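Model the full assembly from the supplied sequences, consistent with the hints where possible.
Protein chains: 2
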Amino acid sequence: MKARVHVMLKNGVLDPQGEAVRHALGNLGFDGVEGVRQGKVIELDLADGTSEATITDMCEKLLANTVIESYRVEVL
Amino acid sequence: MKARVHVMLKNGVLDPQGEAVRHALGNLGFDGVEGVRQGKVIELDLADGTSEATITDMCEKLLANTVIESYRVEVL
Numbered sequence: 001m002k003a004r005v006h007v008m009l010k011n012g013v014l015d016p017q018g019e020a021v022r023h024a025l026g027n028l029g030f031d032g033v034e035g036v037r038q039g040k041v042i043e044l045d046l047a048d049g050t051s052e053a054t055i056t057d058m059c060e061k062l063l064a065n066t067v068i069e070s071y072r073v074e075v076l
Numbered sequence: 077m078k079a080r081v082h083v084m085l086k087n088g089v090l091d092p093q094g095e096a097v098r099h100a101l102g103n104l105g106f107d108g109v110e111g112v113r114q115g116k117v118i119e120l121d122l123a124d125g126t127s128e129a130t131i132t133d134m135c136e137k138l139l140a141n142t143v144i145e146s147y148r149v150e151v152l
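Protein sequence lines, in the order shown, are assigned to chains Z and L. Counted from 1, the first sequence has number 51 at position 51 by this note's numbering; the numbering is strictly sequential. With positions in the second sequence counted from 1, the corresponding number in this note's numbering is that position plus 76.
Don't read these hints as lab results, they were simulated from the structure. From a predicted model like this one, the values you see are computed outputs, not experimental measurements. By construction, the Cβ of each residue, glycine as well, lies at the ideal position given by its N, Cα and C atoms. Where hints are given, some of them may not hold.
Stated by the list, open to error - Okay, derived cross-link-like pairs now, DSS-like style, lysine-lysine, Cα gap no bigger than 30 Å in a straight line:
#: 1; chain 1: Z; residue 1: K40; chain 2: L; residue 2: K86
#: 2; chain 1: L; residue 1: K116; chain 2: Z; residue 2: K40
#: 3; chain 1: Z; residue 1: K10; chain 2: L; residue 2: K137
#: 4; chain 1: Z; residue 1: K40; chain 2: L; residue 2: K137
#: 5; chain 1: Z; residue 1: K61; chain 2: L; residue 2: K137
#: 6; chain 1: Z; residue 1: K2; chain 2: L; residue 2: K116
#: 7; chain 1: Z; residue 1: K40; chain 2: L; residue 2: K78
#: 8; chain 1: Z; residue 1: K61; chain 2: L; residue 2: K86
#: 9; chain 1: Z; residue 1: K10; chain 2: L; residue 2: K86
#: 10; chain 1: Z; residue 1: K10; chain 2: Z; residue 2: K40
#: 11; chain 1: L; residue 1: K116; chain 2: Z; residue 2: K61
#: 12; chain 1: Z; residue 1: K2; chain 2: L; residue 2: K78
What the hints assert, rightly or not - Non-contacting residues of chain Z with respect to chain L, defined by C-beta distances greater than 12 Å in every case (computed):
#: 13; residue: G12
#: 14; residue: L14
#: 15; residue: T66
#: 16; residue: V67
#: 17; residue: I68
#: 18; residue: V75
And the structure:
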């Protein structure tokens, strides 16, 4: 089975990487880019029958820093 | 309007970051993790009416390295 985990910085946490992308898009002539946030997506190839609780556990223990990041699990 | 761009390494391109995550999950006692690929997700806050073609252009010019990465645009 496959699962996808999206990890984003929480709202209010400064995202310098996203800001850099926003500036770069402006410099390239793309107008109207009001904000950019950059996060991670992790695609997991798991043994069949792995529960969503286990995936959540992986997020809490390793994949996301829950102090500053939020995550979303999507089982494919 | 908002758009989300997913950028992943193409199949066959070595993903050391994903491999590191796979090992770390194994070390934490999570069995059955067969593969991990890590990519980026970029959330764009754009002026209303920005066309999908413009977003694709952003991907080609800045957001993805199309030699080794594939991207997917999702307008929200």
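A quick look at each hint next to the structure:
Our distance criterion of 30 Å between C-alpha atoms is met by K40(Z) and K86(L), whose separation comes to about 16 Å. Between K116(L) and K40(Z) the CA atoms are separated by roughly 5 Å; this keeps the pair inside 30 Å, and the hint holds. The suggested pairing of K10(Z) with K137(L) holds, with an alpha-carbon distance near 27 Å, which does not exceed 30 Å. This hinted pair checks out: K40(Z) and K137(L) have alpha carbons roughly 20 Å apart, not beyond 30 Å.
A hinted pair counts as satisfied when its Cα atoms are at most 30 Å apart, and K61(Z) with K137(L) does not qualify at roughly 36 Å. Distance check on the hinted pair: K2(Z) and K116(L) sit about 17 Å apart at the alpha-carbon level, within 30 Å; holds. Taking the CA atoms of K40(Z) and K78(L), the gap is about 17 Å. The hint holds against a cut of 30 Å. For the hint linking K61(Z) to K86(L), the alpha-carbon distance of about 27 Å falls within 30 Å, and the restraint holds.
Straight-line distance between C-alpha atoms of K10(Z) and K86(L) comes to about 28 Å, which keeps the hinted pair within the 30 Å bound. Between the alpha carbons of K10(Z) and K40(Z) the distance comes to roughly 13 Å, so the proposed pair stays at or under 30 Å and holds. At most 30 Å may separate the alpha-carbon atoms for a hinted pair to count; K116(L) and K61(Z) meet this at roughly 20 Å. Restraint check: the Cα-Cα separation between K2(Z) and K78(L) comes to about 27 Å, which is no more than 30 Å; the hinted pair holds.
Against chain L, the non-interface label of G12(Z) holds: every CB pair exceeds 12 Å, the least being about 15 Å. Remark: the non-interface label on L14(Z) is consistent with the geometry, its nearest Cβ contact in chain L lying 15 Å away (cut-off 12 Å). Consistency note on T66(Z): stated as away from chain L, and its beta-carbon is indeed over 12 Å from all of that chain's, at 15 Å minimum. At the 12 Å boundary, the C-beta of V67(Z) stays outside the reach of chain L, the nearest C-beta of that chain being 18 Å off.
Chain L leaves I68(Z) outside its interface by the beta-carbon criterion, the shortest separation being 16 Å against a cut-off of 12 Å. Non-interface status of V75(Z) relative to chain L is upheld: no Cβ of that chain comes within 12 Å, the nearest being about 14 Å off.
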